[in-house]
Each structure stands twice: as C-alpha cells, then as structure tokens.
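So the sequences go chain by chain: A and B.
When you line the first sequence up against numbering that gives the first Met the number 0, it's residues 0 to 319, in that order.
When you line the second sequence up against numbering that gives the first Met the number 0, it's residues 0 to 274, in that order.
Please keep in mind that the hints were generated in silico from the structure rather than gathered at the bench.
Being a predicted model, the structure only gives us computed values, none of them experimental.
Be aware that one or more of the hints could be misleading.
[Stated by the list, open to error] Some chain A residues judged to face chain B by a derived CB distance under 10 angstroms, without partners named:
no. : residue
1   : L45
2   : L46
3   : S130
4   : P134
5   : A145
6   : A202
7   : D248
8   : Q276
9   : S287
[Said to hold, decoys possible] No farther apart than 20 angstroms at their CA atoms in a straight line, the calculated lysine to aspartate or glutamate pairs in the EDC-like style are these:
no. : chain 1 : residue 1 : chain 2 : residue 2
10  : B       : K99       : A       : D168
11  : B       : K99       : A       : E30
12  : A       : K306      : A       : D248
13  : B       : K181      : B       : D171
14  : B       : K181      : B       : E163
15  : A       : K228      : A       : D248
[Claimed, not checked] Now the stretches of chain A that chain B is said to cover, found in silico as 3 or more residues with beta-carbon under 8 angstroms:
no. : stretch
16  : 109-120
17  : 156-165
18  : 289-295
Beta carbons are placed, not taken as given, at the ideal position from N, Cα and C, and that holds for glycine.
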Amino acid sequence: MSATAREEVRKTAPKTGQRSGPATERGAAEERLGRRLVLPAVAIMLLVTAWPMLRALYLSLFRYRLTTPDDRSFVFLGNYGTILSDPLFWRDTWNTVLIMVVTVGVELVVGFAFAMVMHRIIFARGLMRTSILIPYGIITVVSAFAWQFTFSINNGYINSWFDWLPFIDPDTNWFGDHWHAMTAIMVSEIWKTTPFMSLLLLAGLSQVSEDMLEAAKVDGATWWQRLWKVILPNMRAAIMVAVLFRALDAFRIFDNIFVMTRGAQNTESSSFLTYRQVIEQMQLGMGSALSVLLFLTVLLLAYLIVKAFKVDLAQARGEV
Amino acid sequence: MRRNVLGTWSGFVLIMVWCLLPVAFIVSLSFKSADETTAGSPQFFPNEWTIQNYKDILDNPDFTRALLNSAGIALTATVLSVVLATLAAYAIARLEFRGKRAVLSLALAIAMFPVVSLVGPLFDMWRTFGLFNTWPGLVVPYMSFTLPLSIWTLSAFFREIPWEMEQAAQVDGATAWQAFRKVIVPLAAPGVFTAAILTFFFAWNEFVLAISLTSTTASRTVPAQMSYFVGADPFNPPYSQLATASVVVTVPVVIIVLLFQRKIVAGLTSGAVKG
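Please build the complete structure, drawing on both the sequences and the hints.
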C-alpha cells in the first residue's frame with residue numbers, strides 16, 4: 000500500500016474513541032446505526048429484568064397467595080413491615096452476610112497466593128490453566144454434591160483424613176449442627192470460586208510494572224514492603240472488580256445450600272428464603288417484597304464496595 | 000533463589016490438589032457399587048470397581064431427557080445471546096452514539112442482579128404467557144443474564160481490532176463485503192467464540208431459574224433434575240448414582256476447558272480487568 004493510500008485510509012477511517020460532532024450527516028447515520036444495533040440486546044435485558052422488577056414492586060404491595068388468587072388484597076407496605084420485624088428474615092440475612100464475608104475474605108487471600116504462584120511459574124502453564132478452570136466450569140450443583148459426599152459421615156474422607164484436628168473426630172456429623180453445616184457450605188463455595196478470583200488477580204498482577212518492582216528492590220524495599228507499597232496499590236482496580244463480582248455472587252448463594260442442607264440447621268440464605276416463599280408457599284405478595292428487599296440490598300452492597308475502593312469502573316477499563 | 004523455586008513448586012502441587020482432588024473423589028465414587036456406598040465406604044477408592052452406575056444412569060429416561068434439555072436450552076441461549084451481543088459490542092466499540100454508556104451500565108447492573116429476585120415475577124409472567132415449563136421459558140432469561148458478560152467481553156475485545164485494515168483492504172481493491180469478511184471476521188471470531196463458551200457455561204450451570212420455572216421433565220435441566228434425584232430412601236441418597244450423574248454432566252465442561260483454556264482465561268479477564 001502506497002503512502003498516499005495510507006493517508007487516505009487515515010482520513011476516511013472513523014475516529015473511534017473520539018466524540019464526533021453530531022451535526023454532520025455521517026454522525027447522525029452512525030448514531031442511528033449504533034442505536035439500532037444495541038436495541039435487541041437492550042430489549043431482551045429489559046424484558047427479563049426491568050419489567051419483572053417493576054411487577055415485583057407492584058405485587059409486593061398486596062397480600063396475594065397463588066393458591067387463593069381471589070383473596071388478593073391491597074396491604075400497602077404491610078408485607079415489608081412483616082418481613083422486617085421477623086427474626087427469620089434477620090437470621091437468614093446474617094447467614095448470607097457471614098457466608099459472603101468469610102468466603103470472599105478467604106478467596107482473596109488464597110486466590111492471591113495462587114495468582115502469585117501462577118505468575119511466577121515457568122513450567123506446565125497450560126496444565127495449570129486447565130486445572131484451575133475445572134472448578135470454575137463444574138456446575139455448582141455437582142460441586143455441592145461432591146462436597147456433601149466428601150463431608151458425609153458414611154462415605155466421605157474428611158473425617159478419616161483430618162481426625163487429628165481438634166474439632167474433627169471419626170463420627171463428626173457435618174450436617175448435624177449449624178456451624179459444621181455452615182463450614183461445609185462455605186468450603187464448597189470457596190473451592191469452586193477461588194480459581195475465578197485468582198484468574199482476575201493474575202490479570203491484575205501482570206499489569207504491575209516490573210520496572211517499578213525492580214526500582215523498589217534496588218532502593219532496598221523488603222518483599223513485604225514491595226507487596227503493600229507497589230503491588231497491591233497498582234492492582235486496586237483488579238482487586239475491586241474481583242471483590243465486587245465475588246461478593247455479589249456470594250450474596251445470592253443458593254445452589255450449594257439447596258443441595259447440601261435444604262436450609263436445615265439454620266443454614267438458610269436470603270435467596271433461599273425468597274425462593275421458598277414464592278415457589279414452595281406460593282406467597283407472591285410476600286415473596287415479591289422479599290425480592291425487592293434483596294435487590295435493594297445488592298444495590299447497596301455494590302454501591303458500598305465501589306465507594307470503598309474509590310475506583311470508577313468505566314475509567315478503570317479505559318472506557319468513558 | 001533455591002527457596003523461591005521450592006516455594007513455586009509446592010504452590011504448584013497445592014493448586015493441583017485443590018483443583019483436582021474433589022473431582023478425583025467424585026470420579027472414584029462413581030465406580031463404587033451401590034451396596035458399597037449404602038454400607039458406608041469412607042476410603043477414597045472403591046473396594047471393587049464397577050461400571051454398573053454408568054449403565055443405570057444412561058438407562059434412566061429422566062436423566063437422559065434432562066441431558067437433552069440442558070444441551071438444547073444451553074446451545075439455543077448461547078447462539079442467540081452471542082449474536083445479539085456481537086451486534087451490540089460492535090456498535091459500542093466502533094460507533095459513536097448517545098446512550099453508549101447507558102447500555103454498558105445497564106449490562107453491569109444486570110450482571111449483579113440477584114437472580115432469585117426475578118423468580119416470583121417471572122413465574123407469574125411465564126404462566127400468563129404459557130412459557131412456564133417450556134424451553135423458551137428458560138432460554139429467554141438465560142440470554143438476558145449472559146448478554147452483559149458477552150457485551151463487556153466482546154466490546155473490550157473489539158476495541159483491540161485495527162478496524163482501519165478494513166478500509167485498507169478496500170483501498171487495495173476489495174469490495175466492502177470482501178473487506179469485512181476477509182479481514183474483520185477472522186480477527187473477531189476468537190472473541191465471539193470465547194463469549195460463546197462463557198455463555199454456554201452459564202446456561203449449563205444455572206440452577207435457580209431451572210428449578211423455579213420448570214415442573215416436569217419436559218424442560219427440566221440436569222442441575223434441577225439432579226436435585227430431585229433422591230432415590231427410594233430420602234435418608235440414604237443414592238451416592239454412587241449421583242456421583243455418576245455428576246461425572247456425566249462434567250465431561251462436556253472438561254472437554255471444553257481442555258480444548259479452549261487459553262481463550263476462556265482471556266475472555267474471563269478481558270471483560271472485567273483489562274484496560
């Protein structure tokens with residue numbers, strides 16, 4: 000390609016990343032095309048989220064049981080009052096928060112250690128990448144079964160392998176009391192999602208500049224200092240994304256609990272409570288109110304996490 | 000330096016054990032006979048290896064039907080979702096239009112959405128529309144929940160494509176269609192493929208909607224079917240058969256991971272982290 004042709008290309012190529020004036024005809028055509036192309040995706044997303052959510056908001060104002068639909072009556076905020084004054088709701092919320100905090104905390108530490116190993120390793124990279132994707136790819140229901148059997152008193156190996164630990168003996172019934180059952184649930188969650196966390200952290204780690212680390216080393220910084228002063232601050236965006244995604248994901252925990260305990264031993268989560276109200280008891284009004292509360296909690300959580308890290312997501316990604 | 004190498008090696012071994020031990024256990028359990036698990040067999044490997052469980056599970060019409068539902072629903076949702084996401088991501092990466100940021104924010108908000116919040120209203124709506132307990136009744140929500148990830152992944156990916164090459168080809172004498180097909184499509188294909196794999200994983204894995212919006216084997220997917228698979232005695236679940244079913248549904252995932260690990264890692268991280 001000649002130099003003049005290249006020049007020509009540069010002139011006609013659309014200037015991506017820059018805001019072109021909407022006044023030009025070209026700009027208007029682009030505007031129309033752009034909107035037309037995103038429309039189907041936006042429509043589908045709204046159909047399954049915005050609309051049902053508005054409907055939930057509306058239904059939550061009624062006492063409405065599907066088994067007696069003619070009995071529907073307007074109770075305004077009555078359902079919310081009932082829920083917020085019910086200890087069951089608070090117990091389940093506490094369980095959910097506990098699971099979220101513990102699992103994300105452990106995952107962050109273990110995931111970071113994994114990421115460090117993967118970052119440094121020079122052999123068997125493909126093998127490692129394949130292995131780390133297996134827990135991520137396995138369906139949660141299967142992982143829940145795997146861990147249920149692992150902890151099982153009759154068929155699991157935990158009791159026989161780990162009976163040297165003070166709180167485990169050969170007859171420990173892991174699903175027989177609250178704390179043991181919660182531990183088993185959290186272990187299954189941590190096992191499955193730590194690899195995902197470590198991949199996100201690995202991506203962040205590979206963006207930390209080697210030059211800066213080298214410079215810190217030359218200046219006499221210890222390993223610990225380099226970690227806290229150079230590596231972690233430069234990975235802030237990656238850590239935030241990982242924490243945000245995993246925290247919200249952990250907050251809606253459902254599959255493991257459903258499979259492992261069905262909510263027995265006070266292991267019910269907020270999502271489980273909502274599911275039970277709507278699907279098992281057909282309390283559409285009360286269930287909708289729970290849905291709305293759950294949604295608001297997730298929104299608040301997301302807001303708090305983003306604020307805590309002081310990162311603009313779009314900026315972190317080079318968007319805007 | 001020696002200590003470092005040792006540390007990396009033990010880290011490697013630890014990661015491998017972490018990832019593979021539970022999988023090895025469930026595979027081993029699937030080869031134990033029903034008698035052995037009922038009697039209790041805390042040892043890791045079967046006393047006697049048997050493939051009877053695999054014969055039983057593949058002869059179970061409920062399970063094979065669920066497998067068919069899972070495959071059909073996941074593949075349909077994947078194809079449709081990736082087509083729509085590609086259009087949207089192309090527009091976001093390439094064109095200037097107002098509302099671009101709004102689309103990305105909407106996608107992000109949906110990615111964080113607590114799925115169970117929608118169970119009630121969707122249950123109600125789908126019964127009205129006649130979509131309850133049908134394939135489309137799951138395909139549509141799966142599309143909607145996988146669109147955000149696909150749009151983010153693809154738009155990050157598309158921004159890296161040197162779009163000027165398309166014009167360059169045209170200057171060199173190619174028609175617009177030729178330029179697009181011969182230059183852009185080969186560059187974009189790996190990204191689209193990655194988005195497809197991640198979407199498939201989501202749909203294959205999904206559980207909340209699968210048990211809430213289905214009621215019979217007409218549309219129940221494998222995860223939902225497995226949770227109903229209690230056997231004759233509820234206090235003594237059919238361990239070995241459940242383990243076998245677990246292995247069978249995990250095999251497709253493992254094959255996909257083995258074939259495309261590089262792409263999956265790129266896709267998982269580019270949508271979220273890469274600047």
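Consistency of the hints with the structure:
With a cut of 10 angstroms, the hint placing L45(A) at the interface with chain B holds, because the nearest CB-to-CB distance is about 8 angstroms. Here the hint on L46(A) is kept, as its CB sits about 7 angstroms from the closest CB of chain B, short of 10 angstroms. A distance limit of 10 angstroms between C-beta atoms decides the matter here; for S130(A) the minimum to chain B is near 4 angstroms, and the interface restraint holds. The beta carbon of P134(A) is positioned within 10 angstroms of a beta carbon in chain B (closest approach about 6 angstroms), and the interface hint is therefore held.
With a least beta-carbon distance of about 5 angstroms to chain B, the hint placing A145(A) at the interface is held under the 10 angstroms criterion. Look at A202(A): its Cβ gets to within about 4 angstroms of chain B, closer than 10 angstroms, so that hint holds up. Taking 10 angstroms as the C-beta contact cut-off toward chain B, the hint placing D248(A) at the interface holds, the least distance being around 9 angstroms. Taken as an interface hint, Q276(A) checks out: its beta carbon lies about 8 angstroms from the nearest beta carbon of chain B, inside 10 angstroms.
Because the smallest distance between the Cβ of S287(A) and any Cβ of chain B comes to about 5 angstroms, under 10 angstroms, the interface hint for this residue holds. For the proposed pair K99(B) and D168(A), the alpha carbon gap of about 58 angstroms is over 20 angstroms, so the pair is violated. For the given pair, K99(B) sits about 10 angstroms from E30(A) by alpha-carbon distance, which is consistent with the 20 angstroms threshold. Between K306(A) and D248(A) the CA atoms are separated by roughly 18 angstroms; this keeps the pair inside 20 angstroms, and the hint holds.
In summary, the hint linking K181(B) to D171(B) is supported, as the alpha carbons are separated by about 13 angstroms, within the 20 angstroms threshold. Our distance criterion of 20 angstroms between C-alpha atoms is met by K181(B) and E163(B), whose separation comes to about 13 angstroms. The hinted pair formed by K228(A) and D248(A) fails the criterion: a straight-line CA distance of about 29 angstroms is larger than 20 angstroms. Counting residues of the stretch 109-120 of chain A whose CB lies closer than 8 angstroms to any CB of chain B gives 7, which reaches the minimum of 3, so the coverage claim holds.
Given as covered by chain B, the stretch 156-165 of chain A passes the check, having 3 residues with a CB less than 8 angstroms from a CB of that chain where 3 are the minimum. Remark: the stretch 289-295 of chain A is confirmed as covered by chain B, as 4 of its residues place a Cβ nearer than 8 angstroms to a Cβ of that chain, reaching the required three.
Taken one by one, the earlier hints fail for this structure at numbers 10, 15, listed in ascending order.
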